[in-house]
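S.K.: Listed here are the chains, written in short residue letters.
Number of protein chains: 2
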Amino acid sequence: MGSELLSGRVDTHTSFLARRLAEASVTLARSTSVPDELPAVREAVAAAAARADLVLVCGGLGPTFDDITRDATASAFGRSLTFQPALYARIVRRYRRYRMRVPSNNRRQAFLIGGARALDNPNGSAPGQRLEAPGGRPVYLLPGPPSELKPMFEACVLPELMRRFGGGATAARRVFRFYGVAEAACDQRLAPVLKAFPDVEFTILADLGLVELHAAARAPRASSAQARLKKVEARVARAMGSAYYSREGDSLPGAVLNLLARRGWTLATAESCTGGLIAAQLTEVPGSSAAFRGGAVAYSNALKESLLGVPAGVLARSGAVSEETARAMAAGARQRLGADAALAVTGIAGPSGGTKAKPVGLVYIAASVPGRTEVVRRVFPGDRGQVRRRTATHALGLLRRLLTV
Amino acid sequence: MGSELLSGRVDTHTSFLARRLAEASVTLARSTSVPDELPAVREAVAAAAARADLVLVCGGLGPTFDDITRDATASAFGRSLTFQPALYARIVRRYRRYRMRVPSNNRRQAFLIGGARALDNPNGSAPGQRLEAPGGRPVYLLPGPPSELKPMFEACVLPELMRRFGGGATAARRVFRFYGVAEAACDQRLAPVLKAFPDVEFTILADLGLVELHAAARAPRASSAQARLKKVEARVARAMGSAYYSREGDSLPGAVLNLLARRGWTLATAESCTGGLIAAQLTEVPGSSAAFRGGAVAYSNALKESLLGVPAGVLARSGAVSEETARAMAAGARQRLGADAALAVTGIAGPSGGTKAKPVGLVYIAASVPGRTEVVRRVFPGDRGQVRRRTATHALGLLRRLLTV
Numbered sequence: 000m001g002s003e004l005l006s007g008r009v010d011t012h013t014s015f016l017a018r019r020l021a022e023a024s025v026t027l028a029r030s031t032s033v034p035d036e037l038p039a040v041r042e043a044v045a046a047a048a049a050r051a052d053l054v055l056v057c058g059g060l061g062p063t064f065d066d067i068t069r070d071a072t073a074s075a076f077g078r079s080l081t082f083q084p085a086l087y088a089r090i091v092r093r094y095r096r097y098r099m100r101v102p103s104n105n106r107r108q109a110f111l112i113g114g115a116r117a118l119d120n121p122n123g124s125a126p127g128q129r130l131e132a133p134g135g136r137p138v139y140l141l142p143g144p145p146s147e148l149k150p151m152f153e154a155c156v157l158p159e160l161m162r163r164f165g166g167g168a169t170a171a172r173r174v175f176r177f178y179g180v181a182e183a184a185c186d187q188r189l190a191p192v193l194k195a196f197p198d199v200e201f202t203i204l205a206d207l208g209l210v211e212l213h214a215a216a217r218a219p220r221a222s223s224a225q226a227r228l229k230k231v232e233a234r235v236a237r238a239m240g241s242a243y244y245s246r247e248g249d250s251l252p253g254a255v256l257n258l259l260a261r262r263g264w265t266l267a268t269a270e271s272c273t274g275g276l277i278a279a280q281l282t283e284v285p286g287s288s289a290a291f292r293g294g295a296v297a298y299s300n301a302l303k304e305s306l307l308g309v310p311a312g313v314l315a316r317s318g319a320v321s322e323e324t325a326r327a328m329a330a331g332a333r334q335r336l337g338a339d340a341a342l343a344v345t346g347i348a349g350p351s352g353g354t355k356a357k358p359v360g361l362v363y364i365a366a367s368v369p370g371r372t373e374v375v376r377r378v379f380p381g382d383r384g385q386v387r388r389r390t391a392t393h394a395l396g397l398l399r400r401l402l403t404v
Numbered sequence: 000m001g002s003e004l005l006s007g008r009v010d011t012h013t014s015f016l017a018r019r020l021a022e023a024s025v026t027l028a029r030s031t032s033v034p035d036e037l038p039a040v041r042e043a044v045a046a047a048a049a050r051a052d053l054v055l056v057c058g059g060l061g062p063t064f065d066d067i068t069r070d071a072t073a074s075a076f077g078r079s080l081t082f083q084p085a086l087y088a089r090i091v092r093r094y095r096r097y098r099m100r101v102p103s104n105n106r107r108q109a110f111l112i113g114g115a116r117a118l119d120n121p122n123g124s125a126p127g128q129r130l131e132a133p134g135g136r137p138v139y140l141l142p143g144p145p146s147e148l149k150p151m152f153e154a155c156v157l158p159e160l161m162r163r164f165g166g167g168a169t170a171a172r173r174v175f176r177f178y179g180v181a182e183a184a185c186d187q188r189l190a191p192v193l194k195a196f197p198d199v200e201f202t203i204l205a206d207l208g209l210v211e212l213h214a215a216a217r218a219p220r221a222s223s224a225q226a227r228l229k230k231v232e233a234r235v236a237r238a239m240g241s242a243y244y245s246r247e248g249d250s251l252p253g254a255v256l257n258l259l260a261r262r263g264w265t266l267a268t269a270e271s272c273t274g275g276l277i278a279a280q281l282t283e284v285p286g287s288s289a290a291f292r293g294g295a296v297a298y299s300n301a302l303k304e305s306l307l308g309v310p311a312g313v314l315a316r317s318g319a320v321s322e323e324t325a326r327a328m329a330a331g332a333r334q335r336l337g338a339d340a341a342l343a344v345t346g347i348a349g350p351s352g353g354t355k356a357k358p359v360g361l362v363y364i365a366a367s368v369p370g371r372t373e374v375v376r377r378v379f380p381g382d383r384g385q386v387r388r389r390t391a392t393h394a395l396g397l398l399r400r401l402l403t404v
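Quick mapping for you: the protein sequence lines, in order, are chains P and Y.
FYI, numbering that gives the first Met the number 0 numbers position 308 of the first sequence as 307, with every residue one higher than the one before it.
FYI, numbering that gives the first Met the number 0 numbers position 380 of the second sequence as 379, with every residue one higher than the one before it.
Do not take every clue at face value.
Restricting the straight-line Cα-Cα distance to at most 30 Å, the calculated cross-link-like pairs of lysine-lysine (BS3-like) are [claimed, not checked]:
(1) P:K230 to P:K194
(2) Y:K357 to P:K149
(3) Y:K230 to P:K149
(4) Y:K355 to P:K149
(5) Y:K194 to Y:K229
(6) P:K355 to Y:K194
(7) Y:K149 to P:K357
(8) P:K149 to P:K194
(9) P:K357 to P:K230
(10) Y:K149 to Y:K194
(11) Y:K229 to Y:K355
Just a few of them, taken from the derived set where beta-carbon distance is under 10 Å, the chain Y residues facing chain P [claimed, not checked]:
(12) V33
(13) L37
(14) R136
(15) A205
(16) T372
(17) E373
Hint data in this document are derived by calculation from the structure and do not stem from the laboratory.
Backbone N, C-alpha and C define an ideal beta-carbon position, used for all residues, glycine too.
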């Protein structure tokens, strides 16, 4: 909550909660962020409780001076705050388990709002709280760190949500993902599909070359909502053709790994400007070790030669950022890392290192499978991070194409 | 805006805007997210314009059916929407430049709200808009994709903000980052520092082992705000000692790279369970090639032997996830990749692969510099992604310690 938004890390609450609430058939009527100041939090909590059937207050339960959610919420409903020795004992036990000294300010976390019930936090020291606003509307106080918030939401909040609001209709959700087609073109190809399902809720999202279609179907029974989405999928697949990759896996790396596994092929990576990003995306997928052998991050020319066997003559003649080097890196990755397929990238991610002939954003991507190697040249817009992410996405998209034709 | 929050990707607006607004001395009074439905957006825009001195409406300017921000904002202020041939020509030119067919629904993006001025979007097809609500309060419509929103904010919104609100006092901001100390202990050690600067605004944040202290000082002149933060820094450095790493670089990888460069040392990585994540974090830092030579992602035992020279006997005797293997991987990385220092990790990120003796979350991390190698064993909580990120953070923290003692 509040000033914590300044960090650029905490602000994933809303998207997580919106998604999980939608899956539980609950509409997120409004999400409000306010600074970590007592009057602002108090006013926001009171206003939310007056408007909504259930309120989630996220963050501000820590031990530090700016953690004022307990005080602000107690004040919003005219309740007391009392120290709970049993709660404090649990916090102290947690510290002892990790052999840490208990800081004295952790006492603040053992204060409970009058009428509230404490919620166990197995992943951190801040207990959550559940109280009822006037009229019996539940108000939940949840810890801010995503690694604590998410499990507590699943364990403590979701069951009550399902019980209270999930009775009428259940919702099923699916995300269809596309690569290699612009958002507007996607929208046009999907328009007749969306029109055919007026009862299903759709949202289209796009960024950095990927497009997503979110679909939510509601029905009295979960099985009929699922059946409806199966029909949506058939139409989506027909309309989007090979651009629709998420039938093969939840993510683009997941789709590539599944296509490889289907053929019994292994994969190796050889990365220069992406510096391990492609390998990291592939290995984020559980079970990736079935197809992914490993990779080389060859930033320097010397490592391109020694790790990947790129001939010194190629580097001297064409330069490190060239079609010939990308091709040699892919061949080297297959041979040296003992894999059937390879992805290799070399480029200039910036901000420095660009020239007129080889500008920042220039990348060569080589994808290689048995009997076929393809190299593409691209100049990607954006800063260093964007060029790297676009390159990784494009590389995986290229390999997927070689695996589906 | 709105339903786009469901994606889990778009929700970085608020944190970005809150930070940039704070730097411009502007308080983000409230941030509201509503579903992509016309009445909800209309009501939220009208309420914001009645309350705030300046309103930013983010997202919903795309070409697709659910992009309703233009319509909702026009409706909120009782304005018309008219097609602008000149705007449309600019959109068409953009498509032609990238040799793409212009989808007919892109016409929607060429509609301007009555009295509004179009804002150029060099990074996408959706132009922004600037209009004035009753009373002359500026309302900005900005595109949703971060790669389009951020540059447009900097180019079009920030200058007006500075002109309108930046006159009285300017703010300076600093983020101090800590590693190796729990949030509550951090708070205790910082408490006297914060008390000594009642005029400075502080926020503490923590997740996955890292703690941040954000400080904002306001003063009539930028130089005096900066001077105030210099004094804060001196006290923070004294209170936190070696836990304070951001004096050495903006991020933990940045700090490590700077410490290496100061000694003229190079670095190589050898990763198993993190699968390239450490190399990717290091190479995200501009100029990392000065110290980072490259890395090996050795998922399989065969690659641990062939790429890193881990003796087959070590793998057979101690197993791939062991102190001995981590140590051999680090030695191999230094030797085979020709680097002065090395980081090596091997572990079980899960969700499968764990045993009673070697559970999911078990990792061995080896950091090696000339004359010294240290190996630590940790069992990290959390899911696959959390274990991998904690391991990467811990590995960089371990190497930093070897470089600062």
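S.K.: Does each hint hold? Answer for all of them.
M.R.: Evaluation of the provided hints:
1. P:K230 to P:K194: This hinted pair holds, its Cα atoms lying about 13 Å apart.
2. Y:K357 to P:K149: holds, 26 Å
3. Y:K230 to P:K149: violated, 38 Å
4. Y:K355 to P:K149: holds, 26 Å
5. Y:K194 to Y:K229: holds, 16 Å
6. P:K355 to Y:K194: violated, 54 Å
7. Y:K149 to P:K357: holds, 26 Å
8. P:K149 to P:K194: violated, 35 Å
9. P:K357 to P:K230: violated, 48 Å
10. Y:K149 to Y:K194: violated, 35 Å
11. Y:K229 to Y:K355: violated, 51 Å
12. V33: holds, 6 Å
13. L37: violated, 14 Å
14. R136: violated, 20 Å
15. A205: At about 7 Å, which falls below the 10 Å cut-off, the nearest Cβ of chain P leaves the hint on Y:A205 intact, so it holds.
16. T372: Hint on Y:T372: violated, closest Cβ of chain P at ~21 Å, above 10 Å.
17. E373: Hint violated; Y:E373 Cβ to chain P Cβ min 19 Å, cut 10 Å.
Violated hints for the displayed structure, listed by number in ascending order: 3, 6, 8, 9, 10, 11, 13, 14, 16 and 17.
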